[in-house]
Amino acid sequence: MVNTKILTSDFNYHKPNNLTEVFKLITEYGTGARLIAGGTDVIPGLKYERISTKHLINIADVQELRYIKEDQGFRIGATTKLIDIKKFFADKKEYSGFYEAISSIAKIQILNMGTLGGNLCTASPAADSAPALLTFEAKVVLSNGKNQREVAINNFFTGVQQTVKKDDEIMTEIIIPPVADQVGSSFRRMVRVAADISKISCAILVNRSKNICHSAKVAMGAVATTPIRLYQVEEMLINQSIDEKILTNIGKVVSEVIQPITDIRSTENYRKQVAAVLFKDVFQIAWQKAGVQ
Amino acid sequence: MDKNNHIIQLIVNREPTTLLVASNELLINVIRDRLGLTGTKYGCGTGQCAACTVLVNGQPVLGCLTLAVSVDGAEIVTAEGVAAPDGSLDPIQDAFIGNAAIQCGFCTPGMILVSKNLLESSPTPSEDEIREHIKGNLCRCTGYNGIVKAIKSCTSEKKRTELSTL
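Protein chains in written order, with the working numbering: chain X, 1 to 293; chain P, 294 to 459.
Among the hints, a few may not be true.
[Claimed, not checked] Simulated crosslink set (DSSO-like; lysine-lysine; CA at most 27 Å straight-line):
id, chain 1, residue 1, chain 2, residue 2
1, P, Lys445, X, Lys86
2, X, Lys5, P, Lys428
3, P, Lys428, X, Lys92
4, P, Lys296, X, Lys5
5, P, Lys428, X, Lys54
6, P, Lys445, X, Lys87
Derived by calculation from the structure, the hints in this document are not laboratory data.
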C-alpha cells in the first residue's frame, strides 16, 4: 500500500537557470538524474515508485524553453505551460484540432502545471496532445547541448513511455508546420468522467475542396503502444468523394487496423467498436470546418 | 546549504513566511502540517480529486503534486485566505452557504478556490464554462448542482454591481 500523502524517495533538487546549466547537470549526473517540469507525471511516478532518481532537475523556470513563436507555422518551447498554449491557440481556427486536444487535457490545475514537452516525453499512449500533433505532422527538437536534431513526431514514440530521446538529450522545442488552405481539423476523446485519462482519442485533419477529400491525416491515442497515425485509412480517403457510406465503411477499417488492449479504462472490444464511430464523428467535424474556411 | 534542504520564501494568505524544506517535501504537507492550514485537503494524493487545490500566483494548482521547493517566491492562497482579513466572508463563500453547495465539505476548499479563480478571470461565465472550470474538482455529495448555482449567483451579483457602478 502506497502512502500518496508523502514522497518517500529522497533526492537532491536542482534548479538550473538556463540551458547551459541544464546540460551541465545532465552531464554530471547522467542516468541518475531525472528532469521535471510540471511534475504531474513525475510526482505520481515517484509516489508509486514507478520511477526513482537521485537528482531531480527542475527545468520549469528555464525561460529559454518557454515561448510560442509564429515562424512558418509555430514553434513552442518544450516547457511552455499547457494553459498558455490553450490561450494562444484559442482563436487560431486552422489549428483547432490542436487547440481542442490541449483543452481536453485533464483539468485547469493540470493545464496550469503541465507542459507540452512533458506531455510528449512521458510518452503515454493516451497523451492527448500527441494525436493532434501527429495530424499536423509536427516535429520535435532534441538537444544534448552540443548537437540538436529534429525528429518527426511519428518517429518520436517507440513504445509505452519510450521515445527516441537519448539519456543525454532534452526536448527543447515543438514545431508545428503551416497548414494548407481548405484545411479543417478536430480532436475528440472518450472518457468516463470529464477530467479522466482518455479511453480512446482521435484527431483528424482534412484537406477538402467542395465534396472531394484531397488528403486526410488520421491519428489515434490509446489504441496501440504509442499514439499512431492510421496510414492505411488515410490512403483510402485520398481524392474520395465524401458521403455517409464511405465514412461508415472506412470506420470499419479503423476498427480493424488498430491494436488496442484491455486495461482498467476499457476493453479491447469496446475500443475497437467505438473507434469506428469516433473516426466518423471527428471526420465529419473536421470536414465541416474545412468547408467553412 | 546542501541540495537536500532549501530555504524558501512564500507569501501565504498575505503573510510572508520563510521555511526550511526538504527536496521531497510536498506543498500540501507544508501548508497543512507546518503552517497548520488544514483547509487544504488531502484526498487522493495522485492528482485525481483536486481537494488539495491551492492558488499559486493566482492560478489553481494541485498541492499534492507540487514540490514546496519549486514554488519558492510564490504567493499562495488557501481556503483560509479567501475571506477578508477582518474575517468577513468573500461573496463566493456566502453563495456556497446560501445555495447549499456544501454537504460533507471535503471538496469545498478546492471548489471555492477554483470558483474564485474562474470569477476573477471571467466575471460572467456561462453554465458550460462553470462546469468546464470545476470539472476536475470531485464532489461526491452535492451532485454539483448546488455548486454551479452558487457560482452562477455570484455571476449575477457581479453583473449587478457592475451595472450599478456604470
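A quick look at each hint next to the structure:
1. P:Lys445 / X:Lys86: holds (24 Å)
2. X:Lys5 / P:Lys428: At roughly 23 Å apart (the allowed maximum being 27 Å), lysine 428 of chain P and lysine 5 of chain X satisfy the hint.
3. P:Lys428 / X:Lys92: holds (25 Å)
4. P:Lys296 / X:Lys5: This hinted pair holds, its Cα atoms lying about 22 Å apart.
5. P:Lys428 / X:Lys54: Since the Cα atoms of lysine 428 of chain P and lysine 54 of chain X sit roughly 35 Å apart, the hinted pair is violated (cutoff 27 Å).
6. P:Lys445 / X:Lys87: holds (23 Å)
Of the numbered hints stated above, the single one contradicted by the structure is hint 5.
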